[in-house]
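*Asks:* If you want the building blocks of each chain, they are given just below.
Protein chains: 2
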Amino acid sequence: MAVYVFKFGGTSVGSTERIKAVADKVKQAHDQGHQIVVVVSAMSGETNRLIGLAKQMQVQPNEREMDVLLSTGEQVTVALLSMALHEMGCPACSYTGSQVKILTDNSHTKARIQEIDDKKIRADLMAGKVVVVAGFQGVDAAGNITTLGRGGSDTTAVALAAALNADECHIYTDVDGVYTTDPRVEPKARRLNKITFEEMLEMASLGSKVLQIRAVEFAGKYNVALRVLSSFEGGEGTLITYEESEMEKALISGIAFNRDEAKLTITGVPDVPGIASKILGPIAELNIEVDMIIQNVAEDATTDFTFTVHRNDFLKAKEILQKVSKELHAREVTGDDNIVKISIVGVGMRSHAGIASTMFKVLADEAINIIMISTSEIKISVVVDEKYLELAVRSLHATFNLEQEGYPLTL
Amino acid sequence: MAVYVFKFGGTSVGSTERIKAVADKVKQAHDQGHQIVVVVSAMSGETNRLIGLAKQMQVQPNEREMDVLLSTGEQVTVALLSMALHEMGCPACSYTGSQVKILTDNSHTKARIQEIDDKKIRADLMAGKVVVVAGFQGVDAAGNITTLGRGGSDTTAVALAAALNADECHIYTDVDGVYTTDPRVEPKARRLNKITFEEMLEMASLGSKVLQIRAVEFAGKYNVALRVLSSFEGGEGTLITYEESEMEKALISGIAFNRDEAKLTITGVPDVPGIASKILGPIAELNIEVDMIIQNVAEDATTDFTFTVHRNDFLKAKEILQKVSKELHAREVTGDDNIVKISIVGVGMRSHAGIASTMFKVLADEAINIIMISTSEIKISVVVDEKYLELAVRSLHATFNLEQEGYPLTL
Numbered sequence: 019m020a021v022y023v024f025k026f027g028g029t030s031v032g033s034t035e036r037i038k039a040v041a042d043k044v045k046q047a048h049d050q051g052h053q054i055v056v057v058v059s060a061m062s063g064e065t066n067r068l069i070g071l072a073k074q075m076q077v078q079p080n081e082r083e084m085d086v087l088l089s090t091g092e093q094v095t096v097a098l099l100s101m102a103l104h105e106m107g108c109p110a111c112s113y114t115g116s117q118v119k120i121l122t123d124n125s126h127t128k129a130r131i132q133e134i135d136d137k138k139i140r141a142d143l144m145a146g147k148v149v150v151v152a153g154f155q156g157v158d159a160a161g162n163i164t165t166l167g168r169g170g171s172d173t174t175a176v177a178l179a180a181a182l183n184a185d186e187c188h189i190y191t192d193v194d195g196v197y198t199t200d201p202r203v204e205p206k207a208r209r210l211n212k213i214t215f216e217e218m219l220e221m222a223s224l225g226s227k228v229l230q231i232r233a234v235e236f237a238g239k240y241n242v243a244l245r246v247l248s249s250f251e252g253g254e255g256t257l258i259t260y261e262e263s264e265m266e267k268a269l270i271s272g273i274a275f276n277r278d279e280a281k282l283t284i285t286g287v288p289d290v291p292g293i294a295s296k297i298l299g300p301i302a303e304l305n306i307e308v309d310m311i312i313q314n315v316a317e318d319a320t321t322d323f324t325f326t327v328h329r330n331d332f333l334k335a336k337e338i339l340q341k342v343s344k345e346l347h348a349r350e351v352t353g354d355d356n357i358v359k360i361s362i363v364g365v366g367m368r369s370h371a372g373i374a375s376t377m378f379k380v381l382a383d384e385a386i387n388i389i390m391i392s393t394s395e396i397k398i399s400v401v402v403d404e405k406y407l408e409l410a411v412r413s414l415h416a417t418f419n420l421e422q423e424g425y426p427l428t429l
Numbered sequence: 019m020a021v022y023v024f025k026f027g028g029t030s031v032g033s034t035e036r037i038k039a040v041a042d043k044v045k046q047a048h049d050q051g052h053q054i055v056v057v058v059s060a061m062s063g064e065t066n067r068l069i070g071l072a073k074q075m076q077v078q079p080n081e082r083e084m085d086v087l088l089s090t091g092e093q094v095t096v097a098l099l100s101m102a103l104h105e106m107g108c109p110a111c112s113y114t115g116s117q118v119k120i121l122t123d124n125s126h127t128k129a130r131i132q133e134i135d136d137k138k139i140r141a142d143l144m145a146g147k148v149v150v151v152a153g154f155q156g157v158d159a160a161g162n163i164t165t166l167g168r169g170g171s172d173t174t175a176v177a178l179a180a181a182l183n184a185d186e187c188h189i190y191t192d193v194d195g196v197y198t199t200d201p202r203v204e205p206k207a208r209r210l211n212k213i214t215f216e217e218m219l220e221m222a223s224l225g226s227k228v229l230q231i232r233a234v235e236f237a238g239k240y241n242v243a244l245r246v247l248s249s250f251e252g253g254e255g256t257l258i259t260y261e262e263s264e265m266e267k268a269l270i271s272g273i274a275f276n277r278d279e280a281k282l283t284i285t286g287v288p289d290v291p292g293i294a295s296k297i298l299g300p301i302a303e304l305n306i307e308v309d310m311i312i313q314n315v316a317e318d319a320t321t322d323f324t325f326t327v328h329r330n331d332f333l334k335a336k337e338i339l340q341k342v343s344k345e346l347h348a349r350e351v352t353g354d355d356n357i358v359k360i361s362i363v364g365v366g367m368r369s370h371a372g373i374a375s376t377m378f379k380v381l382a383d384e385a386i387n388i389i390m391i392s393t394s395e396i397k398i399s400v401v402v403d404e405k406y407l408e409l410a411v412r413s414l415h416a417t418f419n420l421e422q423e424g425y426p427l428t429l
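Here the protein sequences come in this chain order: A and B.
Numbering-wise (the working numbering), the first sequence opens with residue 19 and increments by one.
Numbering-wise (the working numbering), the second sequence opens with residue 19 and increments by one.
Honestly, the hints are just simulated from the structure, not real lab data.
Errors might be hidden in some of the hints.
Just so you know, same-sequence chains aren't split out, so a pair can sit in one copy or run between any two.
[Claimed, not checked] List of simulated lysine-lysine pairs, DSS-like, C-alpha gap at most 30 Å: (1) K239 to K334; (2) K73 to K147; (3) K147 to K119; (4) K138 to K119; (5) K147 to K336; (6) K137 to K296; (7) K128 to K138; (8) K138 to K73; (9) K43 to K334; (10) K405 to K334; (11) K344 to K296; (12) K137 to K119.
Work out the full structure: start from the sequences and follow the hints.
*Replies:* The following block contains the structure:
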């Protein structure tokens with residue numbers, strides 16, 4: 019008998035029929051003698067409907083009240099799922115975040131979990147009940163309803179799994195696992211059986227939006243074995259776990275990419291201390307997130323400074339940068355919003371040299387010009403012209419033999 | 019400066035526009051320096067939508083989960099109304115029943131309020147905020163969400179008014195007060211400025227569905243001055259309060275009627291002790307509510323027994339009664355579902371004789387045959403053929419001079 023936390027997202031509970039299908043899956047696991055806690059999101063579309071209502075009331079809706087409003091979405095789902103389980107003769111009991119209670123700080127709309135009281139849940143599990151918990155929400159010390167931000171249901175599930183010391187936390191989604199790259203770009207992309215937390219973090223932050231980053235961090239921190247599976251099909255999914263010896267064979271686990279990037283360069287900047295903050299400060303003030311940052315070695319006392327932003331922020335950032343350029347007496351500001359970032363990710367890089375040079379050679383062989391390069395311990399990212407995206411991903415996928423299980427590549 | 023509790027029902031908050039109109043009304047009172055607590059229902063249609071979802075999940079939805087589900091309706095409204103108030107620059111804070119907390123027993127879907135913690139509300143009022151409370155809901159001692167049953171928002175408002183010792187509790191609805199009778203039947207019907215709790219109870223239970231009966235009982239018990247007003251029009255509405263000397267002039271306050279009645283008679287029943295329970299027991303077992311009950315004086319050791327039920331239950335009740343009739347060796351079972359009950363209500367009856375005989379004379383003058391009669395201290399009800407409803411109501415309204423303020427009738 020094992021303890022499992024299952025999490026089903028909005029699409030998986032998007033209709034009464036879907037909720038019944040979820041109940042079916044939960045009941046099967048319960049019938050096998052396992053103790054099951056289910057975390058659910060709002061039915062798909064409901065959160066957006068509520069946000070729409072809020073915006074009709076207030077241009078910038080009050081955040082405390084927004085949390086009161088949005089938390090009803092999951093509350094509806096937990097009640098309906100519990101009813102479906104009752105109808106199948108499976109004892110169940112629902113809880114809101116506040117009822118559990120999932121204590122958070124008081125940062126409305128983006129609260130962080132501080133503590134989970136597991137008493138009621140454990141008592142219900144011991145009594146043979148399935149426990150159905152509203153994801154995404156909690157309560158602060160003063161009793162105000164809080165929410166964890168979009169995708170927060172993943173975090174709820176992982177936090178509950180940690181608190182209950184669950185055997186595994188299953189994140190049911192509309193994909194059947196984590197892939198070596200996006201199958202829409204490379205049809206030979208393969209589902210990974212396992213991936214490490216670190217790799218998953220790099221993959222997720224780079225655009226493979228299967229799991230919320232915070233949930234993966236949380237799972238890594240508390241060593242919760244996380245499994246991504248399909249709500250609709252069968253299969254084992256992908257297990258996200260700590261690095262094991264078996265994994266050391268893997269050089270590269272996957273290829274992530276991000277189409278939403280744009281780059282900005284300011285040239286002829288005086289090469290003096292504090293220049294980076296003078297350039298990026300005004301950008302940050304506008305809440306524009308900066309991704310890659312590259313500063314070249316200075317020549318003739320000036321330097322060139324390049325960074326990437328989300329494509330939606332390109333024009334706004336360029337405008338600011340032109341002002342900054344004048345103040346700094348820089349040479350000029352150039353930009354390009356037709357770029358993509360491609361990254362290869364793998365814990366195997368740590369112990370194997372030559373991965374970067376292999377990557378660059380593959381791109382060179384295809385005559386793909388590399389615009390920017392950035393590396394971390396387990397990831398190498400390049401920025402290239404967006405027209406090369408598919409070609410680059412497929413060439414890298416083939417070279418690193420990602421379509422074959424067991425990572426047979428030897429350099 | 020006064021403390022008011024305002025309650026707005028589902029129609030009054032049925033759209034974002036309506037919610038803004040409510041916010042406007044609330045802000046006006048707040049701007050005048052009053053302390054305002056607002057109790058709101060779910061947006062009209064929402065409760066039925068949720069019930070529809072529940073029935074898709076479970077034939078007989080689990081009552082605990084039903085309360086979790088339905089309570090989201092008011093939670094949405096309190097958040098939206100608070101946002102609307104914020105947008106107008108009026109400080110506001112929302113509370114669910116559980117947050118307040120409104121402690122109830124654990125009878126899911128029909129819980130009763132046991133205690134209200136007024137600390138948070140008083141603190142907010144002192145801080146100059148409008149407090150917006152979700153009606154219809156509470157929480158039991160174990161932390162389960164409970165609901166008070168349909169119309170329970172009225173009860174929430176009255177209970178809060180009692181707990182806060184409010185100056186008045188305003189129930190905003192789609193009528194502008196309590197009328198001497200239904201204006202659709204008698205266009206001369208007049209809005210009452212005042213009515214006593216007891217009269218209101220008799221009027222409500224007889225079909226003038228302006229206020230929930232339990233709320234009126236509660237208001238009477240805790241001496242909460244209750245005012246029924248229109249959400250959409252202006253006006254003073256009707257104040258429901260204790261009997262005052264001024265009121266003693268009133269003989270009759272109003273005429274209530276009920277079109278949903280049907281009568282059943284069993285004749286030739288042995289006149290022995292326990293016969294009423296033998297007849298009504300099987301009816302009660304089917305959850306059929308019996309309204310008027312009349313047993314005539316026995317002749318030749320048998321008696322006739324007549325009672326009324328809701329018209330929807332007529333056939334079911336008749337079937338049962340025929341079985342009972344055989345067992346008791348009664349003569350026969352007859353029934354009529356083309357009847358109505360008409361009642362005149364007024365605290366003035368207590369001190370004035372002759373009201374009943376006046377009523378009977380009016381009906382006799384119009385050649386209306388009285389089928390059944392039943393009386394209480396402040397009410398006289400008659401059952402007549404339904405074709406006489408309008409004629410009877412208008413004749414009584416005229417005879418008792420109800421269209422004129424000040425109750426000028428002298429008998």
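*Asks:* Broken hints, numbered, in rising order?
*Replies:* Hints 1, 5, 6, 9 not satisfied by this model.
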